[in-house]
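Student: Here is what each chain is made of, one letter per residue.
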Amino acid sequence: MKGELALSDSHSSALAHHFTDLEQQHDANMLGMWTFLVTEVMFFSGMFLLYIIYRGFYPHDFAEASHHLDIYLSATNTVVLLCSSLTMALAVRSVQLGQRKAAVTFLFLTLVLGLTFLGIKGLEYYHKYEDHLIPGSGFMYEGEANPNHAQLFFILYFVMTGFHGLHMIIGAGVVIYFMVRVWQNAYPPENYVPVEMLGLYWHFVDIVWVFLFPLLYLIGRHIT
Amino acid sequence: MIGSQSIEKGSPRQKGLVTSHEHYLNVNYSIKSWLLTTDHKRIALLYLISISIFFVLGGIYAMLIRLELVTPQADVLTGDMYNKVFTMHGFIMVFFFLIPAVPATMGNFLLPLMIGAKDLAFPRLNLASWYVYSVGGIFTILVLALGGVDTGWTFYAPYSTTYSNSYVILAGLGAFFSGFSSIFTGINFIVTIHKMRAPGLTWFRLPLFVWAHYATSLIMILGTPVVAIAILLIAIERLFRIGIFDPNLGGDPLLYQHLFWFYSHPAVYIMILPSMGIISELITCFARKRIFGYNFIAMSSLAIAVIGFFVWGHHMFVSGQSVYAGMIFSILSYLVAIPSAIKVFNWTATLFKGQISYDTPMLYALGFIGLFTIGGLTGLYLSALAIDVHVTDTYFVVAHFHYIMVGGTLMAYLGGLHFWWPKITGRLYPEWWGRLSALFIFAGFNLTFFPQFIVGYMGMPRRYHVYPAEFQVLNVMSTAGASVLAVGYILPLIYFIYSLRYGPVAGPNPWGAAGLEWTTASPPPTHNFEEIPIVTTEAYNYNDMDSQPPQQVTDTGLDALGAGAPASK
Chain L
198 MKGELALSDS HSSALAHHFT DLEQQHDANM LGMWTFLVTE VMFFSGMFLL
248 YIIYRGFYPH DFAEASHHLD IYLSATNTVV LLCSSLTMAL AVRSVQLGQR
298 KAAVTFLFLT LVLGLTFLGI KGLEYYHKYE DHLIPGSGFM YEGEANPNHA
348 QLFFILYFVM TGFHGLHMII GAGVVIYFMV RVWQNAYPPE NYVPVEMLGL
398 YWHFVDIVWV FLFPLLYLIG RHIT
Chain F
1096 MIGSQSIEKG SPRQKGLVTS HEHYLNVNYS IKSWLLTTDH KRIALLYLIS
1146 ISIFFVLGGI YAMLIRLELV TPQADVLTGD MYNKVFTMHG FIMVFFFLIP
1196 AVPATMGNFL LPLMIGAKDL AFPRLNLASW YVYSVGGIFT ILVLALGGVD
1246 TGWTFYAPYS TTYSNSYVIL AGLGAFFSGF SSIFTGINFI VTIHKMRAPG
1296 LTWFRLPLFV WAHYATSLIM ILGTPVVAIA ILLIAIERLF RIGIFDPNLG
1346 GDPLLYQHLF WFYSHPAVYI MILPSMGIIS ELITCFARKR IFGYNFIAMS
1396 SLAIAVIGFF VWGHHMFVSG QSVYAGMIFS ILSYLVAIPS AIKVFNWTAT
1446 LFKGQISYDT PMLYALGFIG LFTIGGLTGL YLSALAIDVH VTDTYFVVAH
1496 FHYIMVGGTL MAYLGGLHFW WPKITGRLYP EWWGRLSALF IFAGFNLTFF
1546 PQFIVGYMGM PRRYHVYPAE FQVLNVMSTA GASVLAVGYI LPLIYFIYSL
1596 RYGPVAGPNP WGAAGLEWTT ASPPPTHNFE EIPIVTTEAY NYNDMDSQPP
1646 QQVTDTGLDA LGAGAPASK
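Listed in order, the protein sequences are those of chains L and F.
With the first sequence counted from 1, adding 197 to any position gets you our numbering.
With the second sequence counted from 1, adding 1095 to any position gets you our numbering.
These are computed hints drawn from the structure, not numbers from a lab.
Where is the CB? At the ideal position from N, CA and C, for every residue including glycine.
Among these hints, one or two may not hold up.
Claimed, not checked - Restraint ranges, calculated between C-beta atoms of paired labels, are given here:
(1) L/Gly333 <-> F/Leu1265: 18 to 28 Å
(2) L/Pro411 <-> F/Ala1479: 39 to 49 Å
(3) F/Phe1405 <-> L/Asp218: 33 to 43 Å
(4) L/Ala299 <-> F/His1289: 25 to 35 Å
(5) L/Val377 <-> F/Leu1265: 33 to 43 Å
(6) L/Ala299 <-> F/Ser1414: 51 to 61 Å
(7) F/Leu1265 <-> L/Gly316: 29 to 39 Å
(8) L/Pro256 <-> F/Ser1417: 18 to 28 Å
As the list claims (entries may be wrong) - Listing some non-contacts, in silico: residues in chain L with all C-beta distances to chain F over 10 Å:
(9) Ala272
(10) Lys325
(11) Pro332
(12) Arg418
Said to hold, decoys possible - Okay, the calculated bits of chain F under chain L, using three or more residues with CB under 8 Å as the criterion:
(13) 1215-1226
(14) 1276-1285
(15) 1315-1321
(16) 1334-1341
In isolation and in its complexed conformation, chain F is listed as follows (with noise of 0.2 Å):
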């Protein structure tokens, strides 16, 4: 039992500096057991390293983006380079960063942990889908090393087909195998959740970040393979020269853009729906309170799921297809919102009257729901018929999505990396260091694209490396904010890293939590848990747990059983 091993006074154990129990980390260091491991919790951590560097590589070419655009004219990038660069930026931000980030690392980790599993329902799956993750990486490197591809993340016809001169092929073999480990994990996510969950745990039990990725899961199998085929078809045509979406044979170029569209809106609530998980999560922790809604946080992440089928429309709007089509995608953008406006006002209510602390992840909870409201809301905006013909193709367009990429799940990706980095690496980070950088990204993040909501309203149009010198100031600010924003991304790397040798010794619950994952050691042992839970609570039982001695709460982690609640539950 954790927690009942007795301390020798003196000992590195009692001064935190080792931990001194088996766990999954150590129990082998060979690279073998990495590289064919099942064991979720390893998967996630390298699904974490892969994904960490593909966004340094985005980042770096959004750096490359921001540069250029500090003067009007032209100096850092020819026309042709700079769209190879906003392309890579784009393609590697979506498929190898965005789409995988949450589930792949914090998903994969807690999944199991949070429903009282041993593991996933396909260990050897999830191992298979890093490995394809990996060789779609592979492909994007080789893309990157032989020049780069520049038809846009969106590969429209018929320049991706027909007249573009860049490794359109290779890219898309990078998106199809990116996309099929999505799919392997949703698959999955599905089965655990629907088979695996300990005793007592029923749906309306689960922690709202299981819902919210039983919904991405959703997603994921039925949206990733109609982009898998709609790259394949592209690959297809330019391969064998035959013209599916040729008009001289009389084919449609905006079919391939509805296939495309299919699956990239609902993509982008794939990018969105974990990280709103995970800010269920921190609020609640921080606030230390019960959610407020908890029925409507979960049935809104379903809702967003089935809507967010249905509104791919909007990114057609001024592509030629019909005005009707376009009144009713119009509609259905306003309905799609209004589920995330719940889950906002639900954690909105849950801050209320609650006892809030200002630790590193509620601070990019804040930001999150901040930003988040801003993005969404300029989302209804672009969802206006009238509006979105003027700043569709405009910088406010990329600063509605950055908002919410950015802004949402980036800022929700690094507070629940914050949160969960106890149980995952038995270590604490330095919390200082970390309200610094969430303080610097927040800043560095408006700086960046609050500008771009301006000059992109003025007319700036996107995807473009020169642009009239009127709107020079806001572009510099906007590359200001981006320095900014790099060192705050910068200072976590190197503090995470510095705490796995140098942090202090975590115990099973340093937050005091609520969740099953808390329960048990940190980092975890291979099989997770001594013995399986059994539940017997709702979710984020705070009252409850608050009314246990605050040493048994952080020291052994709330017994899942409740031993040692009061009497009266």
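Extracted from the complex, chain L is given alone in its bound form (with noise of 0.2 Å):
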């Protein structure tokens, strides 16, 4: 069976020269992705760092400042990004299988959800302006928390959810290439792993954002 393949793959245009067959090609695609998503993760670290030592200093201020985030919209937006891993899945799956038009249907229907998730997100951002609660000469906080730690809160905010959101612009642009790509039959099943590498990307951008939500948005929250 390995011969076999060899033998096809040889003659592959998806093999590129200084890889000896597509199984090396593949490991070494997947291998590459997971070390760039670890560079992600130390990279959102600091970010969890700062937010880790000043919600330690001042509990009681941040936990009053994610009150005045709108728990509506982003429980939303949490919905619509864990759909969106779903049809991002589902069309690797389709890949995997050769459906090259359910496979971008999926891609399609991803790119949707992601670029709704941006849109919902920019409402709380408009939402945040109207507040006179962005960060700098402007901000004017109101409520019981000490305002200086409130602004610490609401820079950690944004600065966190604005690197997430960054991500997620770049995923969807990576998300439409891919889209005309796969459409262009680029990726036939022996030749899925760049389209999972993607996947891989998304999975991860809603990952990190499954641990935002919890931490800006539902601090000190109950359900009445």
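Join the two chains into one complex using the hints; note that each chain is given alone, in its own frame.
Tutor: Here's what the structure looks like:
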């Protein structure tokens, strides 16, 4: 079986010249993407560290400030993003099965859900702007918390969700690129791995949100 | 097969004047073939040129520092200018020279060759890393042209965020982009080493150069993103005037220092580990002996990478961090010295009863061992809280890290460049000029930096353009040494370029060295090997090799299949 595979993938246009076979290429690609995601984890970890320390200093103020965030929009966003991970996984599966139209459809749905997320986020930001909660000279906090510490909370909110959103925008762009390429049949079943790599990236961005949501939005909240 | 072409008597090839085989340099001369190359060897050369330019720039700033410090009073530079000069010196040298120096040039060039691969795992990512580095470089040149940055290469808040009137954000972006090039390189190396080794090349048959670069790559991918976010946060605070680290809001400037040093300490191991990898290659070749303690050296590289992430607080002993934290960082800093010491012991044991020859690379390697040891030991003095309180932010610290970075990293870089020059260019550099330069560098280096230990211990602070008159003699010695050092650096620049045209043509293995890179032509063809080698021996098998007829070793390179080796393997 391996011999047959070797015979066909020496002619496979998907095989890059510096790899000996497609299996090596796929292994290398996957390891490369996982390694890159490790760097992304480290990138976000700096911000999470800041969050942990400052929330440790000012727990009450952070909780109070957090209640100014919109729980309904953000919960909706969480569902939207989780669904987008589902459609992305389905897209990868479709590529593996050679179902080109389904793959493009699922990628398109992923894109739509991703853009929905970004739109809702933009709406949230706009509400914060209206409420004078954008950090900087225009910041005016009305509430029980110390306004300085509340400003620290909002700095972290904007920086963390901002970098997350930036990664979503990049991801959305790459999804568009892949929609075109999948349609052009650049990823037949024997070369599905690039789409799998995109899937990994998308799931990573989703997981970051899964951490951001409770840490930023759910401090000291109770179901009443 | 290399060496099997018949060579006409009297031909230029026979006279050793030109190479006649197609290789990665002469396969295409167009600019596009260079700027759009995916060949790791060409990318290594692109990096070599960029890095050399930045080394010269950083060196000019160093000369300005030493020029000012000849006299106790300010005469060449104002205080503000001096701040910019030492900042630019450190910033350029760290981010644009020391971090990429060995990995981006020799790592890029040699890794695929050493493991019997045709290229790195991600050739286009490799090219992207050079472009990203260049973007960072352009930002840096912009900062230079616009008037510089004066925060120190450490960018401490609140000076960098609030009070400095210099180009902090631009400089930060320069470092940010160069960091990305580091990350791309690290990803490439890790995947390549895991997935692209030739048949038979198990982990414990790898050259130690490869182990060193693997450990370095781990640090690159884990540490660099943290300094990326640290720099971005400084830029955001400065740009939008939001006080992330501002005590007025309840923020903590020390958090910046933690984020910064969490990378910047492991960064020094990024700078030294690849150099240590070079030393293992040089010592074995020029003692004609297998390495002593291969497993220990390999594992110690990983140990340095891991433990190195837990010691960053030794840069912050007097910053106001808790004394208990200081004690923990102190003991961990002692621990991290142990794997480095293990390497020095093993190299020394390798030299013992070896057949030593004093070619230029060996001179650099021997110099490295001595100077790195001094630098490392003085690092232990600094790890002791009681001593550090007195010598922190003095020239003692400056001398310590220059012994390691210049006496260590830079000397190994030059040693490696000389060693692999024939492989990279197909030419031999002039040996006596090489030895002379090495001696200039060794003498100049010690004259420059040893007085700094003394003057720092006596209390002269760093980053000051003026100092008490009693420190002048030592400062003058230091500046004199810097001039000698400069000569030592300029000479190779000249004779290396000279050798490109007038140097004798090199065969595949002029040193008779072990390693897969020496079994292919000099310079190698674009695809590296005519046939993928199969490895059956341990690394540094000099004992076996030296039972071969010397001619076979140097002309054709030791056949990696072990053909011609004694039957009793």
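Student: Take the hints in turn and mark each one as holding or not.
Tutor: Results for each hint:
Between L/Gly333 and F/Leu1265 the CB atoms are about 21 Å apart, so this pair conforms to the stated range of 18 to 28 Å. Between L/Pro411 and F/Ala1479, the C-beta spacing of about 44 Å keeps the proposed range 39 to 49 Å intact. Judged by the Cβ atoms, the range 33 to 43 Å given for F/Phe1405 and L/Asp218 holds: they are separated by roughly 40 Å. Our hint of 25 to 35 Å for L/Ala299 and F/His1289 holds, since their Cβ atoms are close to 33 Å apart.
Between L/Val377 and F/Leu1265 the beta carbons are some 36 Å apart, a value that agrees with the proposed interval 33 to 43 Å. For L/Ala299 paired with F/Ser1414, a C-beta distance near 57 Å keeps the hint of 51 to 61 Å intact. Hint check: F/Leu1265 to L/Gly316, Cβ distance near 33 Å, so the stated range 29 to 39 Å holds. Between L/Pro256 and F/Ser1417 the CB atoms are about 20 Å apart, so this pair conforms to the stated range of 18 to 28 Å.
The beta carbon of L/Ala272 sits about 27 Å from the closest Cβ of chain F, which is more than 10 Å, so the claim that it is off the interface holds. Look at L/Lys325: its CB is around 13 Å from the nearest CB on chain F, clear of 10 Å, so calling it non-interface holds up. Not every CB of chain F lies more than 10 Å from the CB of L/Pro332, the least distance being 4 Å, so the non-interface label is violated. The claim that L/Arg418 is not at the interface with chain F holds, since no C-beta of that chain comes within 10 Å of its own (minimum 23 Å).
Coverage of the stretch 1215-1226 of chain F by chain L holds. Counting CB-CB distances below 8 Å, 5 residues qualify, and the rule asks for three or more. By the rule of at least three residues with a Cβ nearer than 8 Å to a Cβ of chain L, the coverage given for the stretch 1276-1285 of chain F holds, with 5 such residues. Look at the stretch 1315-1321 of chain F against chain L: 6 of its residues bring a Cβ nearer than 8 Å to a Cβ of that chain, three or more, so the hint holds. Restraint check on the stretch 1334-1341 of chain F versus chain L: 5 residues with Cβ-Cβ distances below 8 Å, three needed, restraint holds.
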